[in-house]
Structures are given as C-alpha cells and as structure tokens.
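2 protein chains.
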Amino acid sequence: MPDTTNNPNRRSWLDVHPTSDFPIQNIPFGVFLTPDDVITIGTRIGNHAIDLGALHQLGYFDEIPLTDDIFLQDTLNDFISDGKKTWRLVRNRIGDIFDRDNPALRDNKVHKDIIIFRMDEIEMQLPVQIGDYTDFYSSKEHATNVGTMFRDPKNALMPNWKHLPVAYHGRSSSIIPSGIPVHRPNGQTMPLGADTPVFGPSKRVDFELEMAFITTDANNLGEPISVNEAEDYIFGVVLFNDWSARDIQKWEYVPLGPFLAKNFASSISPWIVTLDALEPFRVATPEQDPKPMEYLQFSGKKSYDINLEVSLQPEGAKETVVCKSNFKYMYWNMCQQLAHHTVNGCPVNSGDMMGSGTISGPTPDSYGSMLELSWGGKNKVILNDGSERTFIEDGDTVIIRGFCQNEHVRVGFGEVSTKLLPPFK
Amino acid sequence: MPDTTNNPNRRSWLDVHPTSDFPIQNIPFGVFLTPDDVITIGTRIGNHAIDLGALHQLGYFDEIPLTDDIFLQDTLNDFISDGKKTWRLVRNRIGDIFDRDNPALRDNKVHKDIIIFRMDEIEMQLPVQIGDYTDFYSSKEHATNVGTMFRDPKNALMPNWKHLPVAYHGRSSSIIPSGIPVHRPNGQTMPLGADTPVFGPSKRVDFELEMAFITTDANNLGEPISVNEAEDYIFGVVLFNDWSARDIQKWEYVPLGPFLAKNFASSISPWIVTLDALEPFRVATPEQDPKPMEYLQFSGKKSYDINLEVSLQPEGAKETVVCKSNFKYMYWNMCQQLAHHTVNGCPVNSGDMMGSGTISGPTPDSYGSMLELSWGGKNKVILNDGSERTFIEDGDTVIIRGFCQNEHVRVGFGEVSTKLLPPFK
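Chains A and Y supply the protein sequences, listed in that same order. Under full-length UniProt numbering, residues 1 to 425 are what the first sequence spells out, in order. Under full-length UniProt numbering, residues 1 to 425 are what the second sequence spells out, in order.
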C-alpha cells in the first residue's frame, strides 16, 4: 500500500504559514497535555495541535482497525507496536480529514472545538516511553575531528570505525523533551597537569547535534534484522541534543566508555516525523570504502537530506546560529545501524531510541559540537551580542532545528530547545 | 521501624529443608505464572511458591496500606515504588502469616489451596520491567586481572579506577530470567594477525559472575542521592550472569565501550532478596586507598558476605564447580555505586538494575569469568567429565548460585541457570 499523503499540491483547510515545518504533508505524532489537563496523542498542522484521541472517539478513524483507547495514552508505544501498515493508514486518513476539499470536519464547528487546539494552549510531553537508548558514532567528520584532537591526526579513525557503526548504550531515564531545563552536572575531573582528581561542576558542558530514530518491536531475542528490512521497523525521527560534559568524560571514559558525562540529560524534539513524511527527501548514503560486510550492504537510497542548525541564546540576548549541518553527511545510515544492532540477536522494542551520534559536516561551520567548533577550547566562538564561548555557559539556551525542503514542500521537525541552569544546590 | 523477620529461631509451618536458600528468614519477591496461567507476584518459603495476589485478596494484608491490585501485576515495579516502609511491612507480615505458631492460614485448607503452589508447578518470570541497566566494574581483582592480561601488569588498573566506581550503560531488552537459553552470537571479530575483520559466531563466549541490585524511584532529574541515604533506595539483590563475547568485545569496544559483545543476553535469578533479609550478613567494605572523595565516603558496614559459585554443565554430563567467590570482595559497595551514579543528577527509577561487575576473588579458583580462569584462553579448565574448556561451548549450561550463611541461618538466592545454544539460523 503506497503512501498517499505526500502529494505536494495538497492543502489543508487549517491555515499553514509557507515556512511552517508542519504542512499537511508532514503529520508527525506526539503526546500533549490539553488545556483541560488531559494527556492525549496528537498531531500538528501549522500551529494547530490536533487531538487524535478525540478524533478517534468521534468516529473519524472507524474504517481503520484500532483499539478504542489507542490514542488515549500518555505514550505512543502501543500505537507504534501496531506496525507500519497502521501508522500509514492513520497518517493517510489524517491527511484526508484535513484536506481543504473535505467538509466532514472542516464544516463541523462543534467537533473542531473539541479536536483542535492552538500550539500555545498545549504542553508537549515526551512522546514515547524509551525502553533502551543507543547512541551511534556514525559521522566520519565528527569521529575524525575528535580523533585528530585527542589522538593522532594521521590515524584519527579507530581501526574498527569503517567496518562497523560504532555505538554504545545510553541512559533512557534522563531523556527529556524540548523545554525542560538542565542543571550543569557535578562530577570528577582530572585538571591538566594535576595528579589527583577534583570534584565540582563541569567546566566543559557541550551540546551534540544529533538526530534519533524511534523503533517498533522488531525481533525476538536471538534473531537478527536484515539491513533491507530495517526500514519497516523505524517509526520516525526526532532532533536530539545529546548533552555532554567533556571534562568528566575525559577522566571517566577509560576503558568502558562515557557514563556520567552523558547521562545527566539528553533532549529530544517532541514531534516524531515518520519515515513516510521523509520519503521525498531520500538521498544516497556517502560512498563506503572499504565495502562493508554483507550484513551491512543495502540497496536503494537510505539516507535523508535534512538541514540542521544549532543556535545559542544567552540569557536575555538574541540567538546566534553556531552550526549548520545535514543529516545526509552520516557515513552509516539508520538501516545499517539497526542491522548491526541486531546482528547478534539483541532484541529491539517499541519506543527504543537510537541516536545518530554528532552530525558534523565537512566545513568548520558545520561541526556539531562546541568541542569541535572551539577546537577543544582553543578558539572562541563569537556570538551576535559580542560575547564569546568555548563551551556552554549557565543561562544559555541551545536550540536545534531541522527541516527538509524541495521546490514543492518543506517538512520539518520544529525544534529542541534546552536551557542550561547553574549546578543543583 | 525495625525489621522483625530475621529472628533466627523462627520456624514456618511450611516444611523447609535445612539447606534451603529460602527459610522464613528470607522472604524474597518474584513474579510467576500459576498452573492456571495467571501471572502474579509471589514469595517463596522452602520449595513452596506463595501467591501474594491471592493472599492480599483474601484479606491477609488488610492492615497495610496497599492498593487492591498491587500484587496482581506482571512486574514488581509498582510495589517497589511504594518504598522501603511498605516492603518491610509486607515482608514482616508474611513472616507472621507463615510462623508456625500462627494458625490463621496454617489451619485454613481452603485458603492454602488457593495461595500455595509447589515450585515445580509454577514458572518464574522476569521480576521487574527494567527501565535502565547499568553495569559497574567494581572488583579490583577482576579489573587487575583484565588489565594485566591486556595491558601492563605494573599498571593494570586505569588511573581513574580507585577514584570512582567505573561503569557503563547496558541493554535492558536482553535481560532474561534463569532458564531461558541463549544463542551463541554472531558478530565481527579481528583474528590475531589479520588485517581485515571477519564475520561469524563468536569463538569466545564467556560468563561473568555478578550480582545486581534493583532500585526504587530515587531522585528527580538534577538531584543527587547521598551515599548514606542510598540504601533506602535499594529494593534487593539478584544473581547476575553478564554473558560476554570476548572476541567481539575486543574489536568493537574502542573508544566507546562494550556493545554487541554484551547485549545479546544477560541472565538474572528470578527471586529478589531484600536488603532486610541480608541484614545479618553485613560486613565491612575492603579498605579504600586513596581515600575516596567526600561524596563516596560512607559510614557503617555497607558490604555483604555472600558466597558465590559458578558451575559448568556440559550437555548430558554432571556439573563442575569452576569458581568460588564472594560478594564481599567488591572494592566499591552498592551505596557508593548509587551515589556515584546520581552525583550528576541522573535519575534512577523503580526497576532499574545495577550490576556489580565481575566478582573475582584473590585466588585463581575465585576468578569470575572464563577469561580469567583460562587466563585469556592459555590454560584449560578441566571438567569432571574429563573435557576441557577455555570458553563456553554450545550445549553448556552455566549455573551461578549464591547464599549467605551464619551459625543460625542460611539465606540464599537460588540460582541463575542458562544454556548456550548454537548460533541462530
């Protein structure tokens, strides 16, 4: 069954600004608190939040096999478990309901008052209960920059890097939606030249520009997922800021990897954009040399052209864009990541999240972290208000935005915005 | 409110063999499937499984503030969320109900038929939904052995090891209860002397002798837990076999730590033994030099004397004990682990699990992995049936057992038993 919602000429009877990330061709999924303090699953068109629980109760999904309470939940996990066929039926049906030529809801003021809210009336929640969160390290430019800074510029990439999508497990409990502020973490660090570690607030708090995909139930313990089937198990994608404390990381990470340097917080954008919505923006994955092993060999275009940018906003000042990058730069694509993750039989469940790793591009203005932008703290990043940064300062807000754009349509993610607070006392 | 259930002279009206791990002084918590295919929360005395859901419905917990369905669930998470005061009230009440001098249930055959099953009639389940799983690396002997084998015997421990309890995040989705078999994982490895990696079944599948503790909701994002309060947030402890594929690990783990080498499976014993039950077996933690930082300094006895052993059982043959160790050898105790984990504000929830890391003792027969017992594959471990092992072979069952024993009472964990199957096809 093909996807029918991406027709670039379709318009909604809801008003949508031409630069909106959320035209009728997007139809993302999220969870929000209504003005009546009810948690519901919803979607968004323009600046309108649409209550899918109410829409279902009023009979608008009657032709789709759905349980009665599928949207009356505080997470998307059960809906995601219903599988790709159901996601697509629901998304296409939403497209039909809000098509400007469809009078059913358009001309029903009573129903519209129940179903539609302004974005400023509702409060976005974490869209899924994340069972397991994995972070990949799949940008060659990022891995090369880090390897050049900390090891050897001539051998910046580790020997395994081009053979497998390197990854590690992260912490699910500290993943938060856009808008929740984060305290600067305390921890142990080893000052340069010291021989004993010290305790205190991190001095090198950083963002990481990432995207993350959300999976459905994919496999049982012991069973791998093939690279060419992997797409069927990816529900959608969000923007992801993987907060990092570089000085804590440097001291703690040998030999088992990052821990407290990462698990104090990770922020995601609240609307999950489906792979179907990203379909028009498929592009080829960068050439992989050496040729990957068979279980990582895929066919077709498995990468996506998604413009990304990061802004820094000091307290009371205007934003400065500090980085522009693109999801298409990733060396390993999402299908390869999921195939690798399960090749040993590791089970993947509904609501699991997999981060891309920092998405740096080829030029210095496309580096996806302050670590790279300031080249390990050596260079100052100048902001619009004249202030300088090497890392993130208390009171700064970090905003990641992302969107796809072709000559017909723009499909975007909105933003993930997180303010850094002083250390907890 | 003190714990009243550890009186060593108390006996139950249920028969308990003198060598049982489950006298009336234990009263662990678990989840099982009854012969009528109902999932319930239960406890165990001797070889009797006790249905706490039925016990509650019949009014035996009426004096304790509990929701009606607290034991009619397929995980212990909600009960654990009720907090230490409630766990203790329930455990003490169970002790009273099954005290040989209490006729209330003892003399009520109708109720007993509803409440009590033989262990061979029921099927143990995973006791908790594990949100996040962290694995520590807290045995000095294990870290020293690994460091000696792979790096430098003179600098076997990394510089950070004695300053903080090193840890990494693991995968929750592949944690399974005792009895579920595991396939030998496929993956990439780099053969010795080769310059390109190969794909296939791991040739170095290993167990890791660990214990793990289960937490309750401990803190909000941003708030640390102090080392001396940490105990209040630990519900109980299980045996833990952290399956490992050493050859996959060696190739993949740089620079972000173990991933596919670990996440194909981790097995736990199904009964969670509470800290209250372990109270008589508290011992001092080994001396820590250098003195840890203030947030890791604790008072009192925070370690536990728990005898541990690992048996290997080839298909159709008898078991051979290959390792005897003790939980008391751990350099960092559970309270230090939990304080460290949260010092940066990382939130810990009900049902989270934290593994100790491999628990090796000071002598070669106390090493907690085949990697150490065979010293990197150089030495053969001889089994009772005359066969030899360096790592685990297809068809082998690995059984970890653990118990505390003083002159009055034995409190144990039962076992975690897992068979290794050939690679998935």
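Just so you know, these hints were derived from the structure itself, not from any lab. Keep in mind the model is a prediction, meaning the values are calculated, not measured. Any given hint might turn out to be false.
A pair counts as met if it fits within one copy or between any two copies, since identical chains are not told apart.
Below 20 Å or equal to it, Euclidean Cα-Cα: the simulated DMTMM-like pairs (lysine to aspartate or glutamate) are [as the list claims (entries may be wrong)]:
1. Lys162 <-> Asp195
2. Lys378 <-> Glu319
3. Lys140 <-> Glu279
4. Lys425 <-> Glu223
5. Lys318 <-> Glu294
6. Lys250 <-> Asp305
7. Lys419 <-> Asp394
Status of each hint after checking the structure:
1. Taking the shortest Cα distances, Lys162 and Asp195 sit within 20 Å of each other only across copies (13 Å), while inside one copy they are farther apart (36 Å).
2. Taking identical chains as interchangeable, the C-alpha atoms of Lys378 and Glu319 are never at most 20 Å apart, the minima being 22 Å within one chain and 60 Å between chains.
3. Proximity of Lys140 and Glu279 under a CA criterion of 20 Å is satisfied in neither setting, with 24 Å inside one chain copy and 52 Å between copies.
4. Proximity of Lys425 and Glu223 under a CA criterion of 20 Å is satisfied inter-copy only: 8 Å between copies versus 47 Å inside one chain copy.
5. Proximity of Lys318 to Glu294 under the C-alpha cut-off of 20 Å is found in neither arrangement, the shortest distances being 49 Å within a copy and 41 Å between copies.
6. In this homomeric assembly, Lys250 and Asp305 never come within 20 Å of each other (Cα to Cα): the closest approach is 33 Å inside a single copy and 35 Å across copies.
7. With identical chains, the CA atoms of Lys419 and Asp394 are at most 20 Å apart within one copy only, with a shortest distance of 8 Å there and 52 Å across copies.
Consistency note: the structure conflicts with the earlier hints numbered 2, 3, 5, 6.
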